[in-house]
Structures are given as C-alpha cells and as structure tokens.
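Trainee: First residue of the sequence shown? That's 1 in my numbering, and the numbers climb one at a time after it.
No lab work stands behind these hints, which were simulated from the structure alone.
Quick caveat: nothing in here was measured; it's all calculated off a predicted structure.
Here a beta-carbon is modelled for each residue, glycine too, at the ideal position from N, C-alpha and C.
Any given hint might turn out to be false.
[What the hints assert, rightly or not] Below, a list of computed lysine to any residue pairs in the SDA-like style, where the Cα atoms sit at most 25 Å apart:
1. K83 with Y207
2. K44 with T13
3. K157 with A121
4. K52 with D139
5. K146 with K157
[Unchecked claim] So the derived label-pair ranges between C-beta atoms look like this:
6. N210 with N68: 20 to 28 Å
7. F4 with A121: 34 to 42 Å
8. S8 with V85: 36 to 44 Å
9. Q107 with S29: 27 to 35 Å
10. N148 with L169: 41 to 49 Å
11. G51 with P168: 30 to 38 Å
12. G165 with P2: 45 to 53 Å
13. S29 with R113: 26 to 34 Å
14. L169 with P2: 17 to 25 Å
15. P120 with S76: 39 to 47 Å
16. S6 with R209: 28 to 36 Å
17. T118 with S6: 26 to 34 Å
18. E70 with I11: 42 to 50 Å
19. S6 with K83: 29 to 37 Å
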Amino acid sequence: MPSFVSISKDILTPVPADYKEVARYIGYSRQISPDDMTNGLIEKGCKELFGKLMPQAVYEEFPLTINNDENGPEISFADVNLKSVDLWHNLHSCTSVYLIACTIGPQVDAFIRRAQTTNPAYAAVLQSTGAMYIEKLVDYVNEDIKKNASASGKEAKPRYSPGYGDVPLTVQKDFFRLLPCTRIGLTLMDTLIMAPEKSVTAFVGCYSRN
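Let's have the full structure, built from the sequences with the hints guiding it.
Mentor: Written as structure tokens, this is what we have:
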C-alpha cells in the first residue's frame with residue numbers, strides 16, 4: 001500500500017545554509033557571495049515562500065528485477081520494463097525500488113507567477129527558493145525511506161529522477177499510473193511536466209546488507 005506523508009512545513013524552516021543553497025541555484029558559486037541586495041531578496045523570498053508551503057509526498061516499494069545481457073540493461077518493477085544504463089548503475093545491486101512523488105503545493109506556483117508580473121528579479125529569486133524547498137522535502141522523504149529500509153535490514157541508494165541521463169521523462173506516466181499522485185494534488189501534463197511545478201518524482205533503490 002502507498003505511504004502518504006503530509007509533512008509539517010516546520011521541518012523545512014529556512015536557515016542560513018538554505019540561503020546559500022538558493023544563491024547556488026541562482027548561479028552563484030561557492031566562492032562568490034551575492035551582494036547585500038540579493039542576499040536581502042533571498043532572505044525575504046525564503047520567509048515569504050515558507051508561508052505558502054504545503055509539503056506532501058506519496059511513495060511505494062516495488063520488487064525489482066534487473067537483467068543485463070547482450071541487449072543491454074533492463075530494469076523491471078510492477079509491469080514496467082525500462083532500458084537504461086544510467087538507472088542500472090544506480091540500482092544494479094538492489095532487490096526493490098521505491099517510487100516517490102513530492103510537492104510543495106500549488107500556492108508556491110501562484111505566488112511566483114504573481115511576482116513575475118510585478119518584480120521579475122524577485123520572481124527569479126523565488127524560483128530558486130522553490131527549488132531549494134522541494135529538494136529539501138525530497139531529502140526528508142528519502143531519509144524516511146532510509147529508516148524504513150534499515151528497519152528491514154536494507155540500505156537505500158541515492159535517489160535518481162526521470163529526465164536525468166538516459167532515463168526518459170516518459171517514465172513519469174508510470175509514476176502516475178502506479179502511485180495515487182492526484183491524492184497529493186499532482187497532475188501530469190501532456191508535456192510530461194508536473195503541476196504544481198515545484199514537484200519531484202524519483203527512484204530510490206534498496207539492497208540487502210548481507
């Protein structure tokens with residue numbers, strides 16, 4: 001059965017380290033700090049967007065089969081057969097895989113859209129702030145999965161999302177077919193982009209410690 005997580009946004013409370021992460025998403029390197037005006041916009045954006053967060057997630061574990069023969073690696077779970085070298089490298093020692101879907105809610109998108117019409121510079125900061133918050137949420141869910149795996153004598157691999165490497169975005173359709181994503185307010189558009197925009201799907205593989 002899928003696990004639904006309606007998460008207190010307090011676990012996403014912004015801290016100075018998060019401000020640095022927003023600056024990185026904007027394009028600043030770790031060696032170059034933003035100027036005072038940009039720092040002010042980042043701090044303002046983190047605080048204002050925090051008030052709009054509605055963090056939710058759904059995930060489920062599936063038995064996993066992996067083959068690698070003359071036709072290349074194939075990953076199989078549920079009724080899905082996916083050919084991917086990159087995902088094989090991520091999952092090759094695993095016996096099960098979690099599919100996860102996370103979102104920080106539609107109010108974030110609406111707030112950013114309003115800013116785009118009145119203050120494009122601030123809207124750009126808010127886009128990066130939203131990216132920070134959704135990554136922070138996925139990290140939290142990933143840690144929850146690691147704890148579940150550990151309780152079963154397993155270890156969890158780093159997460160891997162559709163659209164990276166040779167894993168096609170078309171696999172998003174399988175996430176939406178196998179997980180009740182609409183229960184957390186997610187919609188998959190014809191372009192294979194999710195709404196709300198600040199949402200993430202990912203694979204998390206698990207393998208036995210022995």
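Trainee: For each hint, tell me whether it holds in the structure or not.
Mentor: Tested hints:
{"no.": "1", "hint": "K83 with Y207", "result": "holds (20 Å)"}
{"no.": "2", "hint": "K44 with T13", "result": "holds (13 Å)"}
{"no.": "3", "hint": "K157 with A121", "result": "violated (37 Å)"}
{"no.": "4", "hint": "K52 with D139", "result": "holds (19 Å)"}
{"no.": "5", "hint": "K146 with K157", "result": "holds (9 Å)"}
{"no.": "6", "hint": "N210 with N68: 20 to 28 Å", "result": "holds (22 Å)"}
{"no.": "7", "hint": "F4 with A121: 34 to 42 Å", "result": "holds (37 Å)"}
{"no.": "8", "hint": "S8 with V85: 36 to 44 Å", "result": "holds (39 Å)"}
{"no.": "9", "hint": "Q107 with S29: 27 to 35 Å", "result": "holds (31 Å)"}
{"no.": "10", "hint": "N148 with L169: 41 to 49 Å", "result": "violated (27 Å)"}
{"no.": "11", "hint": "G51 with P168: 30 to 38 Å", "result": "holds (36 Å)"}
{"no.": "12", "hint": "G165 with P2: 45 to 53 Å", "result": "violated (26 Å)"}
{"no.": "13", "hint": "S29 with R113: 26 to 34 Å", "result": "holds (29 Å)"}
{"no.": "14", "hint": "L169 with P2: 17 to 25 Å", "result": "holds (22 Å)"}
{"no.": "15", "hint": "P120 with S76: 39 to 47 Å", "result": "holds (46 Å)"}
{"no.": "16", "hint": "S6 with R209: 28 to 36 Å", "result": "holds (31 Å)"}
{"no.": "17", "hint": "T118 with S6: 26 to 34 Å", "result": "holds (32 Å)"}
{"no.": "18", "hint": "E70 with I11: 42 to 50 Å", "result": "holds (47 Å)"}
{"no.": "19", "hint": "S6 with K83: 29 to 37 Å", "result": "holds (35 Å)"}
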